[in-house]
Amino acid sequence: MTPIVSVIIPNYNHEPYLKARIDSFLQQDYQDFEVILLDDCSKDNSREVIEQYRNNPHVTHVVMNEQNTGNTFIQWERGISMAQGRYIWIAESDDVAEPNFLSTLIPQLEADSNRVVAYSHSRMIDSQGNRMPQTWHKKGSSGEIVIQDGKLFTKRVMTQHCAIYNASMTVFRKSVFQEIPNDYQLFRYQGDCLFWTYVCQLGQVVEVCRPLNSLRRHGNEVSARA
686 MTPIVSVIIP NYNHEPYLKA RIDSFLQQDY QDFEVILLDD CSKDNSREVI EQYRNNPHVT
746 HVVMNEQNTG NTFIQWERGI SMAQGRYIWI AESDDVAEPN FLSTLIPQLE ADSNRVVAYS
806 HSRMIDSQGN RMPQTWHKKG SSGEIVIQDG KLFTKRVMTQ HCAIYNASMT VFRKSVFQEI
866 PNDYQLFRYQ GDCLFWTYVC QLGQVVEVCR PLNSLRRHGN EVSARA
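Residue numbers (the numbering used here): 686 to 911.
These are computed hints drawn from the structure, not numbers from a lab.
Treat each hint with caution, since some may be false.
To be verified - No farther apart than 16 Å at their CA atoms in a straight line, the calculated lysine to aspartate or glutamate pairs in the EDC-like style are these:
1. K859 / D797
2. K728 / E762
3. K704 / D729
4. K859 / E762
5. K859 / E795
6. K836 / E795
7. K704 / E783
8. K859 / E700
9. K728 / E700
To be verified - Each pair of labels, with its calculated beta carbon distance range:
10. V831 / D708: 19 to 25 Å
11. P784 / P742: 33 to 39 Å
12. Q833 / C726: 37 to 43 Å
13. I832 / Q769: 25 to 31 Å
14. N730 / D811: 27 to 33 Å
15. C726 / D797: 37 to 43 Å
16. A796 / T687: 30 to 36 Å
17. N750 / I830: 36 to 42 Å
18. N730 / Q845: 29 to 35 Å
19. R739 / Q712: 14 to 20 Å
20. E736 / Q845: 42 to 48 Å
21. R808 / Y874: 18 to 24 Å
22. V748 / L837: 34 to 40 Å
The beta carbon of each residue, even a glycine, is placed where N, CA and C say it ideally should be.
From just these sequences and the hints, can you work out the full model?
The following block contains the structure:
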């Protein structure tokens, strides 16, 4: 049976966080998904962690690169090309999700075919998984669900600050992927903001004002290195 959601995990040198990441989506309330595990020639023991999940019934692909691509967006595209699901969740390999992440976001997309992307708010955690006080979302709207026209959202929000700042907080409709330019792959650090800007302009955007994703801050993340 074809899964509704394809979960793509592009990993590189995130061995300390990888098990928590994988477990956080295997424990989702919503279970109609496949998992695509990608490792971009990690130098740590990430592959050993990934191999523990190879025979999990949710795992449909395990791809171990023999040479590092140096570009996480190439890994995104590779995972999406294998995906069978209607919706894509690019789950960064060092983050974690609440058990109700998919069960909250997927019904919002299923409710209207014009809705192309749904994202939740995020909290920050440190390398040990402890909550940090930082947040990049407006306060005072906890639990609210906001649906916006994507072009207006891009003009009013994305041009002011990249509200979708972490792939892990987002699920999008796979069908729109073929409609966006691939020049976001040319950007080493800000390509994701360009990617989400392209996606948002193709329909409606759903914002779930609940912190259902945890973005991990540590010395080996791309943002820290940038």
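| message | Let me make sure I understand: some of the numbered hints might not hold for this structure. Which ones are they, in numerical order? | response | Result: hints 2, 6, 8, 10, 11, 14, 16 and 18 break, sorted rising.
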